[in-house]
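Engineer: Top line first, the protein sequences correspond to chains Z and U.
The first sequence lines up with residues 1 to 465 when you count with the numbering used here.
The second sequence lines up with residues 1 to 414 when you count with the numbering used here.
Keep in mind the hints are simulated off the structure, nothing from the lab.
Note that beta-carbon positions come from the ideal geometry of N, C-alpha and C, so glycine has one too.
Check the hints yourself; a few may be wrong.
Derived, one-sided and incomplete: chain U residues facing chain Z with beta-carbon distance under 7 Å [said to hold, decoys possible]:
no. : residue
1   : 5
2   : 7
3   : 11
4   : 14
5   : 48
6   : 51
7   : 55
8   : 104
9   : 357
Only pairs whose alpha carbons sit at most 16 Å apart, straight line, appear in this in silico EDC-like list of lysine to aspartate or glutamate [to be verified]:
no. : chain 1 : residue 1 : chain 2 : residue 2
10  : Z       : 113       : Z       : 92
11  : U       : 350       : Z       : 98
12  : U       : 350       : Z       : 99
13  : Z       : 228       : Z       : 146
14  : U       : 378       : U       : 367
15  : U       : 37        : U       : 137
16  : U       : 350       : Z       : 109
17  : U       : 37        : U       : 139
18  : U       : 37        : U       : 151
19  : Z       : 360       : Z       : 421
20  : U       : 37        : Z       : 180
21  : Z       : 113       : Z       : 66
22  : U       : 350       : U       : 339
23  : Z       : 411       : Z       : 453
24  : U       : 37        : Z       : 178
One letter stands for each residue in the lines below.
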Amino acid sequence: MYRASLAAPDDFDGWRAAARGLALAGVDPADIVWQVGDDGGDLFASDAPAPVAAQAAFAVPRAFVDLAQSAILHCDPQRFALLYALLVQLRDRPGTMEDKADPLLRRIEGLAKAVRRDIHKMRAFVRFRALEDGDGTRFVAWFEPEQHIVRANAAFFVRRFATMRWSILTPEASIHWDGETLTQGPGAARDDAPGDDPVEEIWKGYYAAIFNPARLKVGAMLSEMPKKYWRNLPEATLIPALVAGAQAREAAMIATAPAPAKRPGNAMAAWTALREEARGCTRCPLHGPATQTVFGEGPVDAPLFFIGEQPGDQEDMAGRPFVGPAGQLFDAALAEAGVDRARAYVTNAVKHFKYEPRGKRRIHQTPQAGEVQACRWWLEQELALVRPRVIVALGATAARALLGKVVAIGKVRGSAIPLADGAEAWVTVHPSYLLRLPDATKAGEERARFVAELRVVGERVRGLG
Amino acid sequence: MVALSTRQKLEILADAAKYDASCASSGTSKRDSRGGKGIGSTEGMGICHAYAPDGRCISLLKILLTNSCIFDCHYCINRRSSDVRRARFTVQEVVDLTLSFYRRNYIEGLFLSSGIIASSDYTMEQMVSVARSLREEHDFRGYIHLKTIPDADPELSHQAGLFADRLSINVELPTQAGLERLAPEKDGGRIEGAMAGMRSAMEDMGEARRKYRHAPRFAPAGQSTQMIVGADDASDSAIITRASSLYDRHRLRRVYYSAFSPIPSPSAVLPLKRPPLLREHRLYQSDWMMRFYGYGADEVASATDPVTGCLPLDIDPKLAWALRHRGIFPVDVNCAPREMLLRVPGLGVKAVNRILASRRHRRLRLDDVARLTTSIKKLRPFLIASDWRPVQLADQADLRRQMTPVPAQLDLFS
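Looking at chain U on its own, in the form it has when it is part of the complex (with noise of 0.2 Å):
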């Protein structure tokens, strides 16, 4: 056994941290680093630097502190029992590659997670002491997400916070049943217990900020976590259901899906095949619903199959509730409120917003709308403007196959 260079720990220790889908830099307090000691900014929305052929961006070096861990979780390639190579990446080098690549425009941070090594508290101290080094040796400005061990000390936690962007702790599983059976070890009431301890924590200091100005920040950009699609059998209503009483109860900035994807030397207790991808697309829509177009739950899990609890692959979410709920469309363009407008299949919040300015300034024809947004080809069934009027259209039968696009041709390979 040979040493490894620090290339080679930062390749296992990156392809470890890949099936963590965040990687979102935004949303954080506006600071720069002049008239500072280091370098970094953050200006509100985040920086994509680079794109992966897998489609998502590289705006953080997201890796773990090491690989090695003491539980035994089926869907993750760093269980104990997996035969994945080991490494471990100390303090230091950690810091050092952060501020080497930030320094060439490569990343907006660091995102730092970690197997469990000794004790969640050990573990959890080697994270905060990198993002220590980072804020106070190096007055490093960029952005730090941390992910949080739901065992570790409270304090720890705390500290955590301080010097974190944002921290995030993954429910990892939809249901408490699927968390038992394919994360033993995790505990889904400590996972939340931790949660709602940072959500107070935060609520704390932003009291305390609006006392005193030069109260410390603690967790600008918030929490967020993650849920695992596709690895047991919860349906997407499920899905839904129990994100949106996330968002409620612990104030979470985003809730992350991440579709089960195939790892090397799998666990026997885990589909071989992966869900397919368009399944966590529909479950980002619908999140969008719920978080932009003030859809309830509910009213999302109504778009679902009533058999499956599934969102239809083949239409959008909200394609699927307007096609159920027919009755209250055609909507008028020129005289509808905005809850109604949102509701449209194929406006957007953009597009809503476009159109309450300037319906005050003329009585809006299709033409105009066009002019609004990317495409009324969707949109012509469920809306009325001056000169267009969907006379049966939004009755007929087989709307929802009008609807359909129409499917490329399979693909040899899926």
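Next up, chain Z with everything else stripped away, as it sits in the complex (with noise of 0.2 Å):
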């Protein structure tokens, strides 16, 4: 018996010198016990080293070199006595490399393929997360590769980043990288690589939204991306969860009638860019003195629209419509009636905030027909994006506005007006008329009234459906 030490499980150096020594000697397969560093050892293998040849070097083909360099790095023990008596076979049999239906090549050639899969598998797992260190930022990762490849893949991190300071901890082996030099060192732990990044959920988020939940195909990703290496790839604890509510997602889906389209166009960007373009709105004096458009807001798909009058004090400063106190009474109102604001477009019929300095206050004023004329160009633009069916005008300026004529709410109020486009219009009071009246049972009663016309309206869009 003879013992051939390698210096580490992936010594091909090591490997050939030892295999060339012994074949060139005539040693049988048999006879020789691998040993990797010092573990252990065969009990029965005499400590003589390998007997030394009279003859140099002998030839093998290139090929041969190529899948040894390979096959060496898997973690079968028996791998160096493979190799080594396929090195044997060859000096009789020089053509065997390409007698692929040789069975011992078949095996090694197993091998090198589990080996060359597993280098694949860590260029494409392993994940670096960023570490903040006095030089900047470094990228460390954990990865736990089956085969001894660590050392044989450092090469390509370093090719594909380059101008990156990063680290890759393994049990058996950590490769370091500054920029400019690759340095080894001992194997690490799970512990030793930072726990978290940010951009993982911006990742974990991407992997999510990519997916396709009516093409399920868990056996074609457990074949490419197998269980063993879910717990280092952050996007993998969304998996279960993925498979769980595919059909789910894929149902509801099919069970989405087609309906067909609504608006014309893509509703919600021509809002948001019409929202933009009133930003800037200077079609009248009004947006001198007031601090920003109060523009409509609610989906843009909505069934029923309130058009007010135009923003209050608060709803100047905050930009949003009906959030003063007549907005917190429309929306006790709108509860009381059973009707859904968050489902309601609501918006005014003058975007700016009309008022006259008094003291500390600002003091709200009634627009003129010139203001509420300039400012349709956006409530009609709001019109022909929602197009809603129901459409109820809060107040007069409102109803003046929607209908383009002066009318009186007493005369109006309680029924549908039919619009030119299919929608109904209903005209009722504005909140704050209701917050204005002095007497408590005048109040009492026409806050009554009020509710009592919102629950209609809501009964309208329902039955409009």
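Both chains are given apart, each in its own frame, so use the hints to dock them into the complex.
Structural biologist: Structure follows, in structure tokens:
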């Protein structure tokens, strides 16, 4: 028995030197114990060094060297002996490398294939996490390869991330690149790598979004990304939930009946563009003293559309319609009437706050016909985008803006006014009117009437479906 | 309306991009980041950094610049009449996202596509600026795939080719009639015109590089396209014929087949149910037969059902072809030429290469063949080895039934 010692599990040069000497001396493959470092060793092996051969070298095909360099990285303890056996066989039958049906060659090619796959998977599944240190950002990864591939794979990461500082930690060895030189270190533990990176959340969001639930193929995923890799892949934590939800999501998609396009074009984008445009509106002088344009808000496909008069003091500051005292009353009345404001579009006939400064206060002023007319430009575009089925004008100014003429609220309220495009308009009082009523009894009555009208409107919307 | 965060935008714009099947990052020129100011490398074979539960590989950051679109193609979730939520990335956001993903080894590069906003030229310009910024400002040497817009100025497509590894234009539907019905604003003639333009640009630049070593590279990974399967009534043989003519005329690297999948808020014109995913798989197999196994498009088409024009779903198209041409089998593994071995069901290109190499050294028995390939179950009726002759098998009337896999229990939910 001869003992051949190698410096490391992936020590190809050591194996080559030893194998060359042993083969030249004609040592039978069965008489060699291959050993890495000083891991125990074989009790029966002699400590005699391998015999030194007379002849210096002999040639093997290039294909054998390539194969051996790969296969030696495998974790199979038999690999050194198998390669030596193939080497001996090659001396007798030089054509063995082409005889792909040879069982020994097939077995070693199988090892090399597993190594190539592991190398490829390491390139794919290493996940760096950013770590700030004194010199800037360093990227650190924890990876658990199956074969002894870390050193062989280092050059790939150098080529790819030449200008980054990075480390890859594995249980067997770690490699570090400082932007100029590659160094090796001892094996590490998972806890030596950073535990988190904020970018991982964004990556996970991407992973979930790029998945198409209508074509679930878990087997195809598992064959390329087996579960053994999952524990070091941040995105893998999402997989069970994505798979579970997939069939439900597809069923929901199919159940959604194809609706004819309700609105022309891409309503959301158009609405956003319109609001942006309205920010810089100078169609009437009101933009001067006001803080900002208060544009409408709500779903762009809302079936119900409310028009108020104009933003008040608080709306002007907040930039949102109906948030002040009148808005609060409006919300309460809607709630009482069972109408969901979140599903309605709410806007004003005039988008800028018209007021008169009085001391520290800004006193509301009713907009004039010219100002209402100027602002109809925006209102009409909002109506064209949202295409509501039911429109409610709150107060005389809103009614005027919607209908294009002056109407008496007392005469028109309580019944639907058909509009040219098939929608219907309802007119009622503005909530601020209810706030201004001095007589409590009258205010209570008027409020109840307002709520009743809102309830009718809500039922109309449901009825029109 | 609150401004969307980068993550929200990413989720909207990746969701919108997922109906594009291609995620390949292979076949480009070899380069790396040593000696440069940035990061990135490409080494021929692409890398799939993750797999989604739909079995598709995630190699590139595949996103749209925006999912707003002025077109109204019925099969597309981003069509202008769709209710989908819209978002738009700035050039800088896409560049930052690509680099921060690449640094963490999540991706091989970027696959950027876009809905058409304002005009084709404007949209294309934005996409080119992303690629330019990555290449010139950040010296990014990873993979870039740009979806080009057929109507854009040829000069913009040319610039795209200088920065990108791969360019692609989707033909979308296999037939002109389907395109007219489902994508009324797209024009088959213009799409193919743009592909032809790219092919000649690639050839011109290739010519220049042969003469001048420093001539710029133009889309070294070539061009590809995608066809949607099952959204119109085109048969498999029509699809195969179309794909073959695209390969021939425009030197495409790849034709992708994407089984139409149900989208949220679908258009009324579309079929509601998806075609079987297996159909897409069979088309890819037929594509492989043409590209790697030496079959002509007409030969593959002859494996389709004469009535429906579709490939059988229960057996693969190579086996279907062999069963229709039993006269040429069995083939002798020890003396048949390469072209014939490639037609034996169950023998792949690698197995054929191994057979050719090893039969110079030994007479192959069935055992030997078994070691050279994954399974001999399928190929036994079609092959003669030194110790094996399938006397009657190939003549048996029920061979097809024997070769058909036993169906698994039906999925309750399919």
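Engineer: Evaluate each hint against the coordinates.
Structural biologist: Do the hints match the structure? See the list:
1. 5: With a closest approach of 9 Å, the residue 5 of chain U hint is violated.
2. 7: holds (5 Å)
3. 11: This interface hint holds because 4 Å falls under the 7 Å limit.
4. 14: Where the cut-off is 7 Å and the nearest Cβ of chain Z is about 4 Å from residue 14 of chain U, the hint holds.
5. 48: Holds, about 6 Å.
6. 51: holds (4 Å)
7. 55: holds (3 Å)
8. 104: Check passed: Cβ of residue 104 of chain U comes within 5 Å of chain Z, closer than 7 Å.
9. 357: holds (5 Å)
10. Z:113 x Z:92: Violated: residue 113 of chain Z and residue 92 of chain Z sit about 25 Å apart, past 16 Å.
11. U:350 x Z:98: Satisfied, since the Cα-Cα distance of roughly 13 Å is no more than 16 Å.
12. U:350 x Z:99: holds (14 Å)
13. Z:228 x Z:146: holds (10 Å)
14. U:378 x U:367: Within the cut-off at roughly 14 Å; holds.
15. U:37 x U:137: Satisfied, since the Cα-Cα distance of roughly 9 Å is no more than 16 Å.
16. U:350 x Z:109: Status holds; Cα separation ~13 Å.
17. U:37 x U:139: Given that 16 Å is the threshold and the Cα spacing comes to 6 Å, the pair holds.
18. U:37 x U:151: Not OK: residue 37 of chain U and residue 151 of chain U at ~35 Å, beyond 16 Å, violated.
19. Z:360 x Z:421: The hint is violated at about 45 Å.
20. U:37 x Z:180: Holds - the C-alpha atoms of residue 180 of chain Z and residue 37 of chain U are around 13 Å apart, at most 16 Å.
21. Z:113 x Z:66: Holds, at roughly 12 Å.
22. U:350 x U:339: holds (13 Å)
23. Z:411 x Z:453: With a Cα-Cα distance of about 14 Å, the restraint between residue 411 of chain Z and residue 453 of chain Z holds, given a limit of 16 Å.
24. U:37 x Z:178: holds (15 Å)
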